[in-house]
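Take these sequences, add in the hints, and give me the full structure.
Protein chains in written order, with the numbering used here: chain A, 1 to 523; chain B, 1 to 372.
Incorrect hints may have been included.
[Claimed, not checked] Capping the alpha-carbon separation at 27 Å, the derived lysine-lysine pairs in DSS-like fashion look like this:
| hint | chain 1 | residue 1 | chain 2 | residue 2 |
| --- | --- | --- | --- | --- |
| 1 | B | 165 | A | 510 |
| 2 | A | 21 | A | 510 |
| 3 | B | 165 | A | 516 |
| 4 | A | 510 | B | 4 |
| 5 | A | 489 | B | 165 |
Derived by calculation from the structure, the hints in this document are not laboratory data. Here the structure is a predicted model, which means the values were calculated and not measured.
Below are the chains, spelled out letter by letter.
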Amino acid sequence: MNTMKRIDRSAKVRVGFHEAKWDEPIIYELSKPGERGILAPKAEKQVVQAVGDGVSVLPAALRRREAVNLPEISQNRVLRHYMRLSQETLGADVNIEIGQGTCTMKYSPKINEQLARGLFDLHPLQDPSTVQGIMEIFYQTDKYMQEISGMSRFTFQPGGGSQGLFTMASIVRAYMDSRGETRDEFITTIYSHPSDAAAPALKGYKIIYLQPNPENGLPDFEAFKAACTSRTAGFIQANPEDTGLFNGQIARFVDYAHQMGALCCYDQANGNAVLGVARAKEAGFDMCHFNLHKTFSTPHGCGGPACGATGVREGLEEFLPAPLIDFDGEKYVFNYAFENKEFGVHKVRSYYGVAPVVFKTYCWIRSMGPNGLYQVTKTAVLNNNYLFRKMLEIPGISAYYMDGKNQRVEQCRYTMEKIFQDTGVSTGDVQRRMMDFGMHYWTSHHPYFLPEPITLEPTESPSREDIDEYVNTLRYVFQECYDNPEYVKSAPHRSTTHQVDESVMDDPEKWATTWKVYLRKYK
Amino acid sequence: MEQKMLGLIVNPVAGLGGSVGLKGSDGLAVEALRRGAVPQAENRAAKALEELLPLRDRITVCTGPGAMGENAARAMGFSCQVMEGAVSPVTTARDTRALARWLQALGADLILFAGGDGTARDICSAAREGSVFLGIPAGVKIHSPVYACSPSAAGRLAALYLEEKVSQVREEEVLDIDEEEYRREVISTRLYGYLPIPREKRLTQNRKCGTPPSEAACIASLAAKAADLMEPDVYYLIGAGTTTRAIMTELGLPNTLIGVDLVYNRKLVQNDVYGQQIISLIGDKPVKLMVTVTGGQGFLFGRGNQQLTADVLRRVGRENLLIFATKEKLFQLRGRPLLVDTGDTALDEALSGYYPVICSYQETVICRVCAI
Chain A
1 MNTMKRIDRS AKVRVGFHEA KWDEPIIYEL SKPGERGILA PKAEKQVVQA
51 VGDGVSVLPA ALRRREAVNL PEISQNRVLR HYMRLSQETL GADVNIEIGQ
101 GTCTMKYSPK INEQLARGLF DLHPLQDPST VQGIMEIFYQ TDKYMQEISG
151 MSRFTFQPGG GSQGLFTMAS IVRAYMDSRG ETRDEFITTI YSHPSDAAAP
201 ALKGYKIIYL QPNPENGLPD FEAFKAACTS RTAGFIQANP EDTGLFNGQI
251 ARFVDYAHQM GALCCYDQAN GNAVLGVARA KEAGFDMCHF NLHKTFSTPH
301 GCGGPACGAT GVREGLEEFL PAPLIDFDGE KYVFNYAFEN KEFGVHKVRS
351 YYGVAPVVFK TYCWIRSMGP NGLYQVTKTA VLNNNYLFRK MLEIPGISAY
401 YMDGKNQRVE QCRYTMEKIF QDTGVSTGDV QRRMMDFGMH YWTSHHPYFL
451 PEPITLEPTE SPSREDIDEY VNTLRYVFQE CYDNPEYVKS APHRSTTHQV
501 DESVMDDPEK WATTWKVYLR KYK
Chain B
1 MEQKMLGLIV NPVAGLGGSV GLKGSDGLAV EALRRGAVPQ AENRAAKALE
51 ELLPLRDRIT VCTGPGAMGE NAARAMGFSC QVMEGAVSPV TTARDTRALA
101 RWLQALGADL ILFAGGDGTA RDICSAAREG SVFLGIPAGV KIHSPVYACS
151 PSAAGRLAAL YLEEKVSQVR EEEVLDIDEE EYRREVISTR LYGYLPIPRE
201 KRLTQNRKCG TPPSEAACIA SLAAKAADLM EPDVYYLIGA GTTTRAIMTE
251 LGLPNTLIGV DLVYNRKLVQ NDVYGQQIIS LIGDKPVKLM VTVTGGQGFL
301 FGRGNQQLTA DVLRRVGREN LLIFATKEKL FQLRGRPLLV DTGDTALDEA
351 LSGYYPVICS YQETVICRVC AI
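Below you can see the structure in the form of structure tokens.
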């Protein structure tokens with residue numbers, strides 16, 4: 001019997017990669033007057049008799065005065081157009097997704113996608129008696145979230161992570177209003193996601209940021225005490241933060257905030273470091289949220305369907321948006337009890353949540369089981385610490401906050417400051433160069449707090465060979481920074497779009513944010 | 001692109017001191033040459049001009065005679081307009097300033113200058129409103145973010161600006177360290193002024209990141225906050241810097257960029273006040289102080305605002321201190337504390353502690369302040 005030779009993938013750097021480039025115009029430029037995708041049959045006589053042309057019966061105010069501006073294009077050209085565009089992306093299913101730190105780009109089992117297709121025929125306005133199955137899944141997923149976090153009740157209404165944060169800020173506002181409190185400040189940290197500040201700001205709060213201690217990367221308790229006063233309504237923090245550092249003193253912060261009368265919100269958008277390890281309840285938090293499209297694999301869709309499942313501790317349920325889904329002993333029912341309360345969040349979005357996302361979460365949790373969830377975290381942390389060691393072996397790569405007591409958890413923010421000083425090649429240049437190998441690479445939110453940052457998060461999905469390939473590719477590029485800096489600076493060379501002239505990016509006068517603006521400014 | 005006029009100033013003695021261990025060349029050019037230093041500034045200017053070769057036919061380089069720019073520009077084949085008069089091989093600050101004034105009078109679209117912090121100071125003292133500058137790094141000390149990252153980056157940015165691909169400008173700090181102190185291993189930067197340079201974050205020293213328009217918006221919003229915080233019948237001292245200048249702009253008042261101004265009931269009491277004069281002007285009325293972080297190393301007091309003497313700061317009191325800075329500026333310190341160096345140890349200690357630093361209308365960052 002022939003034995004196939006095993007290829008050692010660990011040393012591979014895909015120098016021959018080239019992304020598709022179709023030179024495809026945008027769809028409006030493909031439009032040809034009169035071209036059609038569908039020729040609708042003429043209406044039957046009886047139909048015409050009943051509704052006329054189908055439009056005149058609508059009130060005049062609802063009718064368009066002019067035909068809607070849509071591209072006119074045949075079916076096969078539409079298909080070709082979007083297939084081409086789909087090949088010009090760098091999606092999670094074709095690359096080793098280690099480079100998008102903080103995004104928790106794990107593998108999402110395709111069977112869950114397949115199963116979720118069964119939901120496409122449902123409508124949220126159907127009579128509850130006809131959708132008992134999906135209502136049960138919402139109810140059960142709520143129970144699982146309660147178990148995972150220690151909170152008392154969850155809503156799935158928020159349609160994304162930032163909306164989950166907004167829901168928490170809204171709960172704090174409603175709670176404070178219900179008690180006649182006029183507190184006007186919210187505390188967060190510099191490393192927490194920008195939406196942690198944006199959400200309470202949207203609710204009218206002033207934002208106070210804590211900075212990390214330069215030694216250990218965590219906010220000082222003394223700084224927190226200076227920030228937290230009788231004006232503080234809420235404290236919101238991600239833990240671990242984007243640096244991958246976990247604040248083991250968090251319960252102390254929460255306790256102090258409670259003494260000052262504030263509520264505490266736990267940003268668990270990325271919960272991959274804590275499944276089965278640490279819960280919001282034990283740290284004393286009043287509420288938390290999970291991005292189901294991150295930790296719970298539904299998957300992360302770059303603006304696609306998502307859910308920021310938001311849970312509260314006992315005593316705060318009445319502030320959750322309506323409806324919740326209850327079980328009355330016989331059947332599942334919509335609970336609108338909190339919809340019209342004087343103080344409450346009432347609603348952050350229509351209906352009760354994106355059903356396919358909640359369904360895929362349910363499937364994923366059921367397939368993993370409690371021990372499986374714990375294994376997810378253990379594997380993600382192990383993968384990250386393997387990656388961490390490999391990264392620090394690369395000359396010129398280091399990490400801040402190396403005080404020897406602070407292990408990285410599920411991700412890490414590195415810095416290539418030395419390489420930049422030696423070669424003039426910046427982290428943004430490396431980001432573009434990594435596309436030449438079909439790989440993502442993320443720097444950090446702006447403005448950069450650490451110089452020339454790199455944020456990587458492997459999750460539990462990649463194998464050791466995958467991690468080795470990613471690190472070897474990075475090592476190859478960092479060596480290029482010394483050998484051929486101009487080539488890295490002018491990357492990408494093998495991507496769909498070669499380097500864009502960024503010089504106009506800083507000038508709003510040059511921006512064209514829509515097709516119409518583009519036509520006005522440049523045509 | 002229409003015909004453009006590019007100003008070029010080369011400080012031929014810039015950078016001489018470094019290679020022969022003098023830590024700067026201010027006042028020491030002759031000694032450096034004696035020690036065998038080889039002038040580099042002309043080569044650096046030529047590196048920048050190399051990037052402008054594609055535009056050669058559309059640019060007139062206006063410059064100084066010989067080593068002050070003419071040699072470099074002619075060697076690259078640029079058409080030149082040269083200031084009349086001869087200069088000695090060892091040029092002085094006076095030559096740099098004279099050339100800067102001549103180029104501004106000509107109406108140069110952009111003035112490139114090759115030198116170090118000392119050169120930037122000279123240019124700054126001769127700068128008039130409306131002129132745009134950019135530094136080609138060639139000196140021993142480069143602390144001022146008015147310099148591009150490298151000579152070729154200076155050339156590339158100059159090309160982008162002349163082609164109008166980059167049209168906005170930003171004012172950057174002109175910093176210098178005291179060379180006498182530096183030679184004694186003491187680094188002590190001071191703010192000397194500001195120069196407008198083309199706004200492009202990748203090619204300049206100042207890699208504050210974030211989009212520059214958003215930083216400008218932050219400064220405007222914290223200025224609006226400052227104006228809203230002002231209470232009636234309270235004196236407000238407005239410190240040095242572009243951040244605090246925005247407060248004066250918001251109030252519609254004239255401002256001293258590297259000095260302290262006094263405001264009362266939203267009206268100007270006096271520009272450029274100092275020390276004892278401040279104390280007598282405010283009398284026994286309540287007073288608050290609005291300051292920003294200056295000097296590149298996170299100084300609150302003691303660099304660039306020496307007008308705020310220990311007596312003034314004691315009179316104001318720490319509870320009446322309002323600090324303003326954009327996140328971009330604070331983040332450069334990466335959590336390191338803001339520094340005070342008033343020359344009065346007890347006062348420095350008294351001013352230490354945690355402060356909320358206002359970074360936009362509704363945002364503050366908690367910062368630790370400590371004595372140097």
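Verification of the supplied hints:
Straight-line distance between C-alpha atoms of residue 165 of chain B and residue 510 of chain A comes to about 9 Å, which keeps the hinted pair within the 27 Å bound. For the given pair, residue 21 of chain A sits about 26 Å from residue 510 of chain A by alpha-carbon distance, which is consistent with the 27 Å threshold. For the proposed pair residue 165 of chain B and residue 516 of chain A, the alpha carbon gap of about 22 Å is at most 27 Å, so the pair holds. Note on residue 510 of chain A and residue 4 of chain B: the hinted pairing holds, with a Cα-Cα distance of about 21 Å set against a maximum of 27 Å.
The suggested pairing of residue 489 of chain A with residue 165 of chain B holds, with an alpha-carbon distance near 19 Å, which does not exceed 27 Å.
Comparing the model with each earlier hint shows no violations; every hint is respected.
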